[in-house]
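Participant: Below, each chain spelled out in residue letters.
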Amino acid sequence: MTRRFVASSLAVALLCMAIAAVPGAAQELAPAPKTFDVGFPVEMSGDAAITGDLQRKGTEMALEKINAEGGINGVPMRFIYEDTKGTNPGAISAFNKLLFSHNVIMSFATVRSTMVHALAPIIKENEVPAIFGGSAWSLSELEVPWMFRVRTDDRTVAQIMAKFMVEDLGHKKIAGLHDSDAFGTGGFVETAKALKEMYGIDVLTEQKYSTGTKDYTAQLLAIKNSGATCVFAWGTRLEDDAIILRQKAQLGLEVDFVGSASYSSTPIRDIAGDSVNGIYSAAGFTVANDDPLVQEYVKEFQAKYGELPDENSAWTYSSTLMLADALRKANVIQVVDGKPMMLPTKEAREAIRQALKGVRDFKTPMGSYTCDKWNNMLHEMPIIQIVDRKDKLIKVVSMEPELE
Amino acid sequence: MAPKNAKTFTLIAAGVVLLFLPKFIPSNYQMTVINLGGIYMILAAGLNVILGFTGLMSFTQVAFWGIGSYTAGLLAVEHGFPFLLTVPAAAFLTAAVGFLLGLPSLRKLKKFYLAVTTIGFVHITRLILENWTSLTRGADGLPGIPKPAIGPLRFDTMHEFYYITLISCFLLIWLTAVIKNSRVGRAMQAIREDDLAAEVMGVNVFKYKVLAFTISAFYGGLGGALYAHLVGYISPDIFTFEEAVTVLCMLMIGGSGLIAGPVVGATLLTVIPEWLRFMQEYNAIIYGAAVVVMAVYMPTGLVGLTQPYWRRLAVLFSSAKKNGGTG
Numbered sequence: 000m001t002r003r004f005v006a007s008s009l010a011v012a013l014l015c016m017a018i019a020a021v022p023g024a025a026q027e028l029a030p031a032p033k034t035f036d037v038g039f040p041v042e043m044s045g046d047a048a049i050t051g052d053l054q055r056k057g058t059e060m061a062l063e064k065i066n067a068e069g070g071i072n073g074v075p076m077r078f079i080y081e082d083t084k085g086t087n088p089g090a091i092s093a094f095n096k097l098l099f100s101h102n103v104i105m106s107f108a109t110v111r112s113t114m115v116h117a118l119a120p121i122i123k124e125n126e127v128p129a130i131f132g133g134s135a136w137s138l139s140e141l142e143v144p145w146m147f148r149v150r151t152d153d154r155t156v157a158q159i160m161a162k163f164m165v166e167d168l169g170h171k172k173i174a175g176l177h178d179s180d181a182f183g184t185g186g187f188v189e190t191a192k193a194l195k196e197m198y199g200i201d202v203l204t205e206q207k208y209s210t211g212t213k214d215y216t217a218q219l220l221a222i223k224n225s226g227a228t229c230v231f232a233w234g235t236r237l238e239d240d241a242i243i244l245r246q247k248a249q250l251g252l253e254v255d256f257v258g259s260a261s262y263s264s265t266p267i268r269d270i271a272g273d274s275v276n277g278i279y280s281a282a283g284f285t286v287a288n289d290d291p292l293v294q295e296y297v298k299e300f301q302a303k304y305g306e307l308p309d310e311n312s313a314w315t316y317s318s319t320l321m322l323a324d325a326l327r328k329a330n331v332i333q334v335v336d337g338k339p340m341m342l343p344t345k346e347a348r349e350a351i352r353q354a355l356k357g358v359r360d361f362k363t364p365m366g367s368y369t370c371d372k373w374n375n376m377l378h379e380m381p382i383i384q385i386v387d388r389k390d391k392l393i394k395v396v397s398m399e400p401e402l403e
Numbered sequence: 000m001a002p003k004n005a006k007t008f009t010l011i012a013a014g015v016v017l018l019f020l021p022k023f024i025p026s027n028y029q030m031t032v033i034n035l036g037g038i039y040m041i042l043a044a045g046l047n048v049i050l051g052f053t054g055l056m057s058f059t060q061v062a063f064w065g066i067g068s069y070t071a072g073l074l075a076v077e078h079g080f081p082f083l084l085t086v087p088a089a090a091f092l093t094a095a096v097g098f099l100l101g102l103p104s105l106r107k108l109k110k111f112y113l114a115v116t117t118i119g120f121v122h123i124t125r126l127i128l129e130n131w132t133s134l135t136r137g138a139d140g141l142p143g144i145p146k147p148a149i150g151p152l153r154f155d156t157m158h159e160f161y162y163i164t165l166i167s168c169f170l171l172i173w174l175t176a177v178i179k180n181s182r183v184g185r186a187m188q189a190i191r192e193d194d195l196a197a198e199v200m201g202v203n204v205f206k207y208k209v210l211a212f213t214i215s216a217f218y219g220g221l222g223g224a225l226y227a228h229l230v231g232y233i234s235p236d237i238f239t240f241e242e243a244v245t246v247l248c249m250l251m252i253g254g255s256g257l258i259a260g261p262v263v264g265a266t267l268l269t270v271i272p273e274w275l276r277f278m279q280e281y282n283a284i285i286y287g288a289a290v291v292v293m294a295v296y297m298p299t300g301l302v303g304l305t306q307p308y309w310r311r312l313a314v315l316f317s318s319a320k321k322n323g324g325t326g
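Chains P and G are the protein sequences, given in the same order.
Mapping of the first sequence onto numbering that gives the first Met the number 0: position 322 corresponds to residue 321, and the numbering continues sequentially without gaps.
Mapping of the second sequence onto numbering that gives the first Met the number 0: position 16 corresponds to residue 15, and the numbering continues sequentially without gaps.
Honestly, the hints are just simulated from the structure, not real lab data.
We put the beta carbon where it would ideally sit given N, CA and C, even for glycine.
Misleading hints may appear alongside valid ones.
Reference listing, derived: stretches of chain P covered by chain G, where coverage requires no fewer than 3 residues with Cβ under 8 Å from a Cβ of chain G [unchecked claim]:
no.	region
1	94–106
2	135–144
3	334–346
Chain G on its own, in the form it takes in the complex (with noise of 0.2 Å):
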């Protein structure tokens, strides 16, 4: 089998999989690990434009989930939007503000004084909503947000969802795909490597850090408004510091700047803490010494390291083939 042939065999049967995931699943407590995975994993991949692709350090992820949250659940339980006008709202909205927030702290900002300014706006944030409370509702949260729903087809439970989960998954990681070959990828990509040869070379640095960090914000506010819809309550205390590393590590053991990466990284950071379940106190200390090792020794993330065999793999199917054919 040709190295583009085996590719696509296995694309189509992981889609095949995934399509019917939920039939071979029949628990609701996985399909809700399996949903909440598929929130990070959006989450993860836009940390993975800004940082990844634009190598800009940012903690904004969490906040720009907590905006697409609070849009989505407010427009949903104040106005009674439907879901298809939340989600598109909250993930423009929260590209606003992504917008917004990158004019002033790109423009100057850099390596530490860059990622410090982001953990103030995480603070920030979860102030914001904390307090604004005639908006917010504050501490309390927000309840009743509704479960999606697209005309007669309703997503009331955990393996209905999935499929909302798993379209925009797949949707976003693609994209991001689409983002990182294309010229504003390469631009991205050369601002990470050098901003200072970049902007020689005639790239707008400040334009494409910018944009980075507008797209990085319009998957967080989507997978916010996703995540509002799926659980039903919201409140400030989610959307912590701790959960903004949380998503780093996702994406740096993936693998960053890698398509794969934040799939790989938001899926074992998902799972490997519910695995670890059955030790109870102790399942913290064991992922946790599990994230080091990770980190020390695969510095390139799990698709970074496993990409050198794929390689080879590729050259073996790829020589097999030519002396089959001249054989």
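Extracted from the complex, chain P is given alone in its bound form (with noise of 0.2 Å):
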């Protein structure tokens, strides 16, 4: 009797152990939806709407040509925007709407910083694979594996403003500007730390405003007290940057100024004027940029919305284009029996996750993608001065990344 139950015992164990052992049992494909959905909690409202209008028509171009191309493996690419209102809250809604109403395999995470944080804890929870714009170094200590940066990150960009402020323009006395957000905090600490431990520099002064402000002549008068010859400028929101650069004329502060990429925007030069020429920027993108990828992006942009692209547009047309090369690779989506298949959701999102961090120099308007240990994936910036409102490159520099 005893020996029975062993066996018959036994022989059940060895039958779930066999069942759990079959390959592909937990990979059983579903037929694909009609269209492969990605999310975007994007500003559609509030105080930074021109930035997200421009994100969105970034995308929607990419989408063009990915879906004429045959989309992810025959089956069309189409992003899901929700508005998040520039809030934290918003954002965190937005986010969950499209994880939890949407049900979106994978989703953008925003291009600021601080909404980036907010949204880490759910992309980590729920294991979504994010793509995100954010480039405060905070972002990447929080070392979550399914968060992607998708621009190039403060700690690069701050070692390469330095680097021109010193060798190429020539700089000793330096001053710093910027937002007092998350973005700009950490631009500036990042950029005081390269001129300091390249070149041992200290900042002669710090100044700082909140997003929003209307008025900088404090701070652009105490620049002009230390006796700076040069400044570098890391701002958020290109409408505050425009009034900066005009007070900036108004006051007669004659130096060198070098901006953050919100600087090289296509909008800033409408509502600062004349104001705009003469100042660098560590642009994330330029129209000036000979690179053949990037006059057809430039050539196409205008043609479709009879406007210059700027940083905006390019970060999530580039971005896009890269991701949908990860998606195909990653088969997220195959063809059986001529119909397509799709892997299942916890399955799907693994695969991405692979096929992002195994993405190699992919060439785009922004750059060459290459993810590193981080998971940060660009690692260049243009250097342009703006002359007669328009973009004049002067280089581009380009960081070796640290690969795992």
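Both chains are sitting in their own frames, so use the hints and assemble them into the complex.
Facilitator: Have a look at this one:
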């Protein structure tokens, strides 16, 4: 009796083990949806709605190209946008809606570092691949394996700016101006650190402001009085940057001005007028770059929207192209017996994560994407000067990615 | 059914629905909205004590929210305090800040001057949170705030957290009802109607104003602590003047001075923007227009608007019972 009981128990256990060990049992394919949906929480209202609009133009243009080439293994790719309203609680609601109401497999996760920080716990908990544009280095320190940065991180940009100010422009008396949000503060700290560590230069004065400030007289006069010959600026909102440049011209502050990427955006030239002329910017993207990929993109963008692209549309365009390539390689959608089939959500997410980790030297108008050990994918930046409200490329600076 | 029984029945039914609500809402997204709505409800209820009951124009609720968030967040992240300690610590510390702010500002300042002072306090609080980097980690914010755990009970999901929000909202709204109908509440309402007359009648106006400020800060701090544990990340740019105006709108639209005002206002102004998401960039215009219409045509708030109908209903029930009883 006992022997029979032990034998039958053993048989049942072996049967269970055999079922569990069947290859592909956990990877049962299901019919693919009509579209492969990717979420995108983006500013549609609030103080940064202009940048949100530009970002959507970039993704939509990339989608046309991707879907004309057959989408993701035969299934058209589509973005679902939800408004972040420019606030962290708004971004959380938008991201949750994308994840749990639209049931997206993966998502973008905004360009604002503080919002990405707010979304990070959700991304980590739900193990969702998320592409983000926030550049604060502190995001890398979170070490969330599901988050992939597709713009150059602040630490790299800061080193590029410091090198340019000292080696190319020859300055030693340098002041800093920045938005007091996560992006601006992080950028200032990293640039000041790079100046000190690379050249032994201390920043003469640190001037900061809150997003949406309308009068920068106090900050600009403090810079003037510090005796600085060059100022580097980290701004989040291009409307603020434009006012700063207008007031800089009004106050007669004759110093070399090296701004972060927002200083190279297209709308700033309309808002700031001629006062934008002469400034330098560590631009994430420039139309003056004679790289054929950039020129082709600029031509297509102008034909479609009747305006010149800037970094806001370029990073979403470039990263969408890179993502589509990764999705195809991840085999999230496979054609079985002539029908498109899709991996289950969990497996699909892991496959996408692995595919993004494996991205190497994928050329786009923003530069070449290579995923490093921090999941940072872009490691270069053009330095431009604005002349007659147009970009003049000074140089493209690349840094070597730290691979795993 | 007698009006009293009808009221009891309605409350019990509402209680049962609220208790089992997560069973009918599988989406994490909707539960997040409900939890955030609950936190706004607590903030608006706190504002109700100071503005609705006492008639003092204040925007400080968002600053108290920030102080409470950071107190709970820092205690949990830096010192490993459990949830059961971070929440009361945040509430009482914020109440102490409210008390200290009330002492100098409520002695002389009234109406617009007080409002301007409170706006200043909101900006100062945000600047301190941004610039006291060694304590608050500055603009980068404070990540890694743990989800609540009470002994073996863990509240990791939005559905589990809902019960913390529900109990907190219930207790704090009930507390405002107790305050309103107490001697303290009547003193506050006397100050709201005419502070000079109240003083002549023997009400210590300054004492009750400071008390209202302290209670309101307690609510703000508690709401902040819950927010920190709910979201897991806080940064100074959340606690803006715009958010203070949102909380004010919630109270005004729900019904200032009425117990159910913050409940209705916070629910509507949290849910409506989510409903309007399908309108994408136009939702802000529709939302703004709806708020203006409600403010213009319903100055007593939605709860105030429906009160005459409830009274009429109560009279109908009462007369029906009388007729039934004699017939």
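Participant: Against this structure, judge whether each hint is valid.
Facilitator: Taking the hints in turn, this is what the structure says about them:
no.	hint	verdict
1	94–106	holds (count 5)
2	135–144	holds (count 3)
3	334–346	violated (count 0)
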